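In terms of my numbering, the sequence shown opens at residue 958 and continues consecutively.
Some hints here could point you the wrong way.
Okay, the calculated beta carbon distance ranges per label pair [as the list claims (entries may be wrong)]: (1) Lys1004 - Leu964: 27 to 35 Å; (2) Glu959 - Arg992: 14 to 22 Å; (3) Ile972 - Val1015: 17 to 25 Å; (4) Ile972 - Gln1002: 18 to 26 Å; (5) Gly967 - Gln1002: 15 to 23 Å; (6) Gln996 - Leu964: 12 to 20 Å; (7) Glu1003 - Gln983: 18 to 26 Å; (8) Ile972 - Glu1003: 28 to 36 Å; (9) Asp1016 - Ile972: 13 to 21 Å; (10) Val1015 - Gly984: 25 to 33 Å; (11) Ala975 - His995: 25 to 33 Å; (12) Glu959 - Gln996: 29 to 37 Å; (13) Glu959 - His995: 27 to 35 Å; (14) Gln1002 - Gly971: 13 to 21 Å.
Derived by calculation from the structure, the hints in this document are not laboratory data.
Computed from a predicted structure; not experimentally measured.
Glycine included, each C-beta is placed from N, C-alpha and C at the ideal position.
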Amino acid sequence: MEHEVLLITGASKGIGLATTLAALAQGHYVAATSRDTHQLQQTIQEKAPAQVDHFLAVDNLLSELCNHILTSSSLKSTITSN
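Required output: the full structure, derived from the provided sequences and hints.
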């Protein structure tokens, strides 16, 4: 069975955490963002220790992605050309 890699934002509590735990329980790989990735990693280790190998806590991922898009030369060329 092939499992997807999911990106879940706000994964440290509430719906984000519940979604993260459910995805891990189903065998998916999860990259999750949170304001406190250290706390998120500890929570996953406590609540889903068997799935820790399928989990990656990432901070600033969306900011870095947006910055990369906004500073890419191809985007600058497109904006300048139009």
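Results for each hint:
| no. | hint | verdict |
| --- | --- | --- |
| 1 | Lys1004 - Leu964: 27 to 35 Å | violated, 19 Å |
| 2 | Glu959 - Arg992: 14 to 22 Å | violated, 32 Å |
| 3 | Ile972 - Val1015: 17 to 25 Å | holds, 18 Å |
| 4 | Ile972 - Gln1002: 18 to 26 Å | holds, 20 Å |
| 5 | Gly967 - Gln1002: 15 to 23 Å | holds, 19 Å |
| 6 | Gln996 - Leu964: 12 to 20 Å | holds, 19 Å |
| 7 | Glu1003 - Gln983: 18 to 26 Å | holds, 19 Å |
| 8 | Ile972 - Glu1003: 28 to 36 Å | violated, 19 Å |
| 9 | Asp1016 - Ile972: 13 to 21 Å | holds, 19 Å |
| 10 | Val1015 - Gly984: 25 to 33 Å | violated, 20 Å |
| 11 | Ala975 - His995: 25 to 33 Å | violated, 20 Å |
| 12 | Glu959 - Gln996: 29 to 37 Å | holds, 31 Å |
| 13 | Glu959 - His995: 27 to 35 Å | holds, 31 Å |
| 14 | Gln1002 - Gly971: 13 to 21 Å | holds, 19 Å |
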